[in-house]
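Peer 1: When you get a sec, could you build the whole thing from the sequences and use the hints?
Number of protein chains: 2
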Amino acid sequence: MIYEPNQCPIRFGLGVFGDHWSLLIIRDMMFRGHTRFQDFLDAGEGISTNVLSDRLSRLEAQQIISRQKDPSNGRQVIYELTDKGKDLLPIMLTIFAWAEKYDPKTRVSKELAERIRTDLFGARDEILATIKQSI
Amino acid sequence: MIYEPNQCPIRFGLGVFGDHWSLLIIRDMMFRGHTRFQDFLDAGEGISTNVLSDRLSRLEAQQIISRQKDPSNGRQVIYELTDKGKDLLPIMLTIFAWAEKYDPKTRVSKELAERIRTDLFGARDEILATIKQSI
DNA sequence: CTGTATCCTTAGGGATACTG
DNA sequence: CAGTATCCCTAAGGATACAG
Chain A
382 MIYEPNQCPI RFGLGVFGDH WSLLIIRDMM FRGHTRFQDF LDAGEGISTN VLSDRLSRLE
442 AQQIISRQKD PSNGRQVIYE LTDKGKDLLP IMLTIFAWAE KYDPKTRVSK ELAERIRTDL
502 FGARDEILAT IKQSI
Chain B
382 MIYEPNQCPI RFGLGVFGDH WSLLIIRDMM FRGHTRFQDF LDAGEGISTN VLSDRLSRLE
442 AQQIISRQKD PSNGRQVIYE LTDKGKDLLP IMLTIFAWAE KYDPKTRVSK ELAERIRTDL
502 FGARDEILAT IKQSI
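As you go down the protein sequences, you meet chains A and B in turn.
Here the first sequence is numbered in the working numbering, starting from 382 and rising by one per residue.
Here the second sequence is numbered in the working numbering, starting from 382 and rising by one per residue.
Don't read these hints as lab results, they were simulated from the structure.
Keep in mind that the hints are not guaranteed to be accurate.
Since the list gives no way to pick out one identical chain from another, each pair is judged satisfied if it fits inside one copy or across any two copies.
Claimed, not checked - Below 30 Å or equal to it, Euclidean Cα-Cα: the simulated BS3-like pairs (lysine-lysine) are:
1) Lys467 - Lys450
2) Lys491 - Lys467
3) Lys467 - Lys486
4) Lys482 - Lys513
5) Lys450 - Lys482
6) Lys513 - Lys486
7) Lys513 - Lys450
8) Lys450 - Lys486
9) Lys465 - Lys491
10) Lys450 - Lys491
11) Lys450 - Lys465
12) Lys465 - Lys482
Peer 2: Printed below as a string of structure tokens:
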């Protein structure tokens, strides 16, 4: 058994970042350096203030991001990825690599994509075979 | 620039497997060996027939899964992952590894988790630093 | 067994105005 | 600037019956 039913890691992941907006917010922090409420509003995805507020709260509650005031400007709030949030990077990168392989429009940094491709895509069938045996 | 705006790989991924049910269906095919309509209904997630039907159609349209009749039983339909679907494995595994790190209940095969951890978590900060420079 | 077809309900989210 | 508070609306999805 790869994992215990009712203790499914995919379900766990979906609970944390499994909605449309959360993953885009994390993406913007990770790859665009966004740190402020306004940054996310201006990202062009069309998120409304109430939804953004809600998602930032949830992500903070789950310790994916931290919220603090800018010491040099007390009215400015700064959002940052926590270690738990930064550790979502491998998930993002594997999505990148998959998209680069199947979305003709996606262009990702070659080094990153190459790394993932050899490390994980390369062993795909071997790993799937291992999994099949343990079902 | 890591990727072109409006050509975002995360958006592309969300469009394919970004809803609650699709990822669970793919999981069941990948890690539980499910191949039949009834398998998914019985998976215990409580999906209804109309939604399941819809998701299977979409996944087939996106060539994540294939649909064919069982040659030995003409009334039995068999769903299988295509290569494009199998290539979602790295994404699944990185979610596994992340969940194992942060969800106390999740227990994943050690070898798989270890492989991902050293390959990708290990270089996390280094990669993030590279990204920051190119924003 | 593998789906459609309907009905119905609710949660999610857009628009907007407003506040500390 | 960073949110809250409403209002409203629609699309997603659960339940169920039925069909090929």
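Peer 1: Take the hints in turn and mark each one as holding or not.
Peer 2: Cross-check of the supplied hints:
{"no.": "1", "hint": "Lys467 - Lys450", "verdict": "within (20 Å within a copy, 44 Å between copies)"}
{"no.": "2", "hint": "Lys491 - Lys467", "verdict": "both (21 Å within a copy, 22 Å between copies)"}
{"no.": "3", "hint": "Lys467 - Lys486", "verdict": "both (26 Å within a copy, 21 Å between copies)"}
{"no.": "4", "hint": "Lys482 - Lys513", "verdict": "both (25 Å within a copy, 24 Å between copies)"}
{"no.": "5", "hint": "Lys450 - Lys482", "verdict": "between (41 Å within a copy, 29 Å between copies)"}
{"no.": "6", "hint": "Lys513 - Lys486", "verdict": "between (33 Å within a copy, 23 Å between copies)"}
{"no.": "7", "hint": "Lys513 - Lys450", "verdict": "between (50 Å within a copy, 22 Å between copies)"}
{"no.": "8", "hint": "Lys450 - Lys486", "verdict": "neither (38 Å within a copy, 34 Å between copies)"}
{"no.": "9", "hint": "Lys465 - Lys491", "verdict": "both (26 Å within a copy, 20 Å between copies)"}
{"no.": "10", "hint": "Lys450 - Lys491", "verdict": "neither (37 Å within a copy, 40 Å between copies)"}
{"no.": "11", "hint": "Lys450 - Lys465", "verdict": "within (20 Å within a copy, 44 Å between copies)"}
{"no.": "12", "hint": "Lys465 - Lys482", "verdict": "both (27 Å within a copy, 9 Å between copies)"}
The earlier numbered hints that this structure contradicts are 8, 10.
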